[in-house]
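Numbering (full-length UniProt numbering), first residue to last: 1 to 303.
Mixed in with the good hints, there may be bad ones.
[What the hints assert, rightly or not] Straight line, CA to CA, 20 Å or less: simulated EDC-like cross-link-like pairs of lysine to aspartate or glutamate: (1) Lys265 with Glu205; (2) Lys111 with Glu290; (3) Lys76 with Glu133; (4) Lys206 with Glu182; (5) Lys255 with Glu290; (6) Lys188 with Asp217; (7) Lys129 with Glu69; (8) Lys150 with Asp178.
[To be verified] Estimated spans, in silico, between C-beta atoms of each pair: (9) Ser212 with Ala158: 22 to 30 Å; (10) Arg190 with Lys23: 44 to 52 Å; (11) Lys150 with Ser214: 23 to 31 Å; (12) Glu161 with Glu229: 22 to 30 Å; (13) Glu290 with Asn14: 37 to 45 Å; (14) Thr124 with Met219: 53 to 61 Å; (15) Leu118 with Met219: 40 to 48 Å; (16) Ser184 with Asn14: 54 to 62 Å; (17) Lys150 with Lys289: 18 to 26 Å; (18) Ser50 with Ser212: 19 to 27 Å; (19) Ile249 with Asp217: 55 to 63 Å; (20) Arg19 with Asp217: 26 to 34 Å; (21) Arg177 with Ser233: 17 to 25 Å.
Derived by calculation from the structure, the hints in this document are not laboratory data. Virtual Cβ for every residue (Gly too), placed ideally from N, Cα, C.
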Amino acid sequence: MDQHLLVFVTVVENGNFSRAAEKLHMTQPAVSQYIQLLERSYGAKLLDRSNKYVRLNKAGEIVYYHAKEILGLYSKMQDLIDDLSNLASGQLSIGASYTFGEYVLPHFVAKLQEQYPLIKPSITIGNTKEIAELVLRNQLDVGIIEGDFKNTQLSIDAFAEDRMFVVASSHHRLAQRDNEAEISELEKERWIVREIGSGTREAVEKVFHSMSISPNDIMEFGSTQLIKESVESGLGITLLSHLTIRKEISMGLLKVVQVKGTPFKRKFSIVLRTSFKTKALEVFINLLKEKYLIDDHIKMEGN
Numbered sequence: 001m002d003q004h005l006l007v008f009v010t011v012v013e014n015g016n017f018s019r020a021a022e023k024l025h026m027t028q029p030a031v032s033q034y035i036q037l038l039e040r041s042y043g044a045k046l047l048d049r050s051n052k053y054v055r056l057n058k059a060g061e062i063v064y065y066h067a068k069e070i071l072g073l074y075s076k077m078q079d080l081i082d083d084l085s086n087l088a089s090g091q092l093s094i095g096a097s098y099t100f101g102e103y104v105l106p107h108f109v110a111k112l113q114e115q116y117p118l119i120k121p122s123i124t125i126g127n128t129k130e131i132a133e134l135v136l137r138n139q140l141d142v143g144i145i146e147g148d149f150k151n152t153q154l155s156i157d158a159f160a161e162d163r164m165f166v167v168a169s170s171h172h173r174l175a176q177r178d179n180e181a182e183i184s185e186l187e188k189e190r191w192i193v194r195e196i197g198s199g200t201r202e203a204v205e206k207v208f209h210s211m212s213i214s215p216n217d218i219m220e221f222g223s224t225q226l227i228k229e230s231v232e233s234g235l236g237i238t239l240l241s242h243l244t245i246r247k248e249i250s251m252g253l254l255k256v257v258q259v260k261g262t263p264f265k266r267k268f269s270i271v272l273r274t275s276f277k278t279k280a281l282e283v284f285i286n287l288l289k290e291k292y293l294i295d296d297h298i299k300m301e302g303n
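The task is simple: from the sequences and hints, build the whole structure.
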């Protein structure tokens, strides 16, 4: 592994030389020397320094972006070599979009650890676009995303189906009716939705298109939990996965609004950058597919 790049990335991510030195088990002068040699080799300053902090300049941003990708490839190469021992072990960096990452993945990883304690998983949560980008840059071994994301540089394999419902506060007038809500009624409601780039937002846009509606009152929040809290308080209605609302439905805090054509369905997909898989990654993907892929039909547990 390129020690100069490792030191540089550590300095950037820790914000100063002393914390980076502590993390790397090096002296601060040694860290400074590595940075100076790296800057000399590129013929450019990479960091703006003060007594309290270091910050990336334009050249530093370029080096940092590519250094993360290079270090990721080094790590992946080492894992593949270690796999020659045929043991499912080592680091496994997993990324997931919010719905799967926050409501499904933790339970699955716990079971993975029971069967393969030598695998050391780390989890990154982001929206679909963010997770795909991290996989593309080799900063994640695997991503799990929602919706119909497409990228020719990535392998995208659907493995499960999610069901989505229109949801309102249990006290909302639409939630208290036994009959289906009219499309015209839904269009007049305030919709609380996720940000552009998230799989849930993509699903909402598709639902609007399928209903031929364009609500004027839309509030955009970057957190599913915040959306649920806001809907529960009566601020508006939303579209969410059944995975995210089971607790609130059971407690009577939220209620599904009856809408023709529901539940709306979307796919969860596994995203990879390369066909080379470590034993740990292979085990993870196989277990995931075994859990959710049934009789060659894509179904989500609980259907």
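Verification of the hints:
no.	hint	in the structure
1	Lys265 with Glu205	13 Å, holds
2	Lys111 with Glu290	13 Å, holds
3	Lys76 with Glu133	17 Å, holds
4	Lys206 with Glu182	18 Å, holds
5	Lys255 with Glu290	32 Å, violated
6	Lys188 with Asp217	8 Å, holds
7	Lys129 with Glu69	17 Å, holds
8	Lys150 with Asp178	39 Å, violated
9	Ser212 with Ala158: 22 to 30 Å	27 Å, holds
10	Arg190 with Lys23: 44 to 52 Å	47 Å, holds
11	Lys150 with Ser214: 23 to 31 Å	25 Å, holds
12	Glu161 with Glu229: 22 to 30 Å	27 Å, holds
13	Glu290 with Asn14: 37 to 45 Å	40 Å, holds
14	Thr124 with Met219: 53 to 61 Å	27 Å, violated
15	Leu118 with Met219: 40 to 48 Å	46 Å, holds
16	Ser184 with Asn14: 54 to 62 Å	55 Å, holds
17	Lys150 with Lys289: 18 to 26 Å	21 Å, holds
18	Ser50 with Ser212: 19 to 27 Å	56 Å, violated
19	Ile249 with Asp217: 55 to 63 Å	24 Å, violated
20	Arg19 with Asp217: 26 to 34 Å	46 Å, violated
21	Arg177 with Ser233: 17 to 25 Å	20 Å, holds
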